[in-house]
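K.L.:
Protein chains in written order, with my numbering: chain A, 1 to 93; chain B, 94 to 288.
The set of hints was computed from the structure by calculation and includes no laboratory data.
Among the clues, some could well be false.
[Claimed, not checked] Okay, derived cross-link-like pairs now, DSS-like style, lysine-lysine, Cα gap no bigger than 30 Å in a straight line:
1) B/K138 - A/K32
2) A/K32 - B/K133
3) A/K32 - B/K255
4) B/K185 - B/K138
5) B/K262 - B/K138
6) B/K240 - B/K107
7) B/K107 - B/K133
8) B/K107 - B/K207
9) A/K32 - B/K185
10) B/K188 - B/K138
11) B/K188 - B/K133
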Amino acid sequence: MAELEVICDCDHRFNVPESLRGGMSNCPSCGKAAAVPGGPEKLFWLVLAFWILLAMVVLVPSAVYLFYNGYTLAGWGVVVFGCLLVIAVVLSM
Amino acid sequence: MSDYLDHDQYYIRKKVLKLLGGSFHIYDPEDNLILFSSQKAFKLKEDIRVFSDESMSSERLVVKARSIIDFGAAYDVVDSESGEKLGAFRRKGLKSIFKDTWELLDNDDNPVGKLQEDSGCLALVRRFGGGLLSLIPQSFFLEIDGKRAVTYSQRFNPVIFKMDVNLEKGARELLDPRLALAGAILLVVVEGRQG
């Protein structure tokens, strides 16, 4: 079974099962819980970044188009939606 | 071990009408506040910090998700005072669609117990019955080696979420009471959020 190496704050190195990825494991040396590296966060942020980029590619030209054609209220709606999206992402970090 | 763990009965009250995020209080049988937690809104990865009171100066427990996706996620339970991991709970994602089910794991991730909703029929009625039927209070049991160790019973109250935690006779020989409380916390925060 694949194992992950964990480095505790007390500098002791030990291996833990793959299932503990992104979690905690007690250090055999000091007995305190040490963070196990990894987790699906990297993939998540990549997917999220892709969707934000896609949203911006769609939202920015839409807002510009709406303002340019005099649909000011709809344009502001798109801007507010974009801002809310960014705020939600920042707060979730 | 801390004095807040001396009791066999606890009672949890969750604030439902909080604008953003959530919070809950845990009381002993004499209605003394023993634990408090407040969660931030929009947090991707659940990291529940439990304190001795509302001043949040003395941290007691940490319940931390291993991943950002709730479906089948595992949550490690760490005692803040000793810094030691006590165990973990893993949500059985597929099973929980019909009946909330969790596994209690030891430090090496081996299953040592099961936390699940009381009745399969009632679970289905609560989920798919709709309307008033969804207000039927939930009960959960934590079993270790087939023996019931802890009972979690939701009180009927459509406005305020209240849950009683009862450690059965001999439960302390089967599990650490901090894990019993961590189970209750996950039921309140994770299952409570999913309705």
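K.L.:
To test your reading of the hints: which numbers does this structure violate?
P.N.:
Hints 3, 5 contradicted; others consistent.
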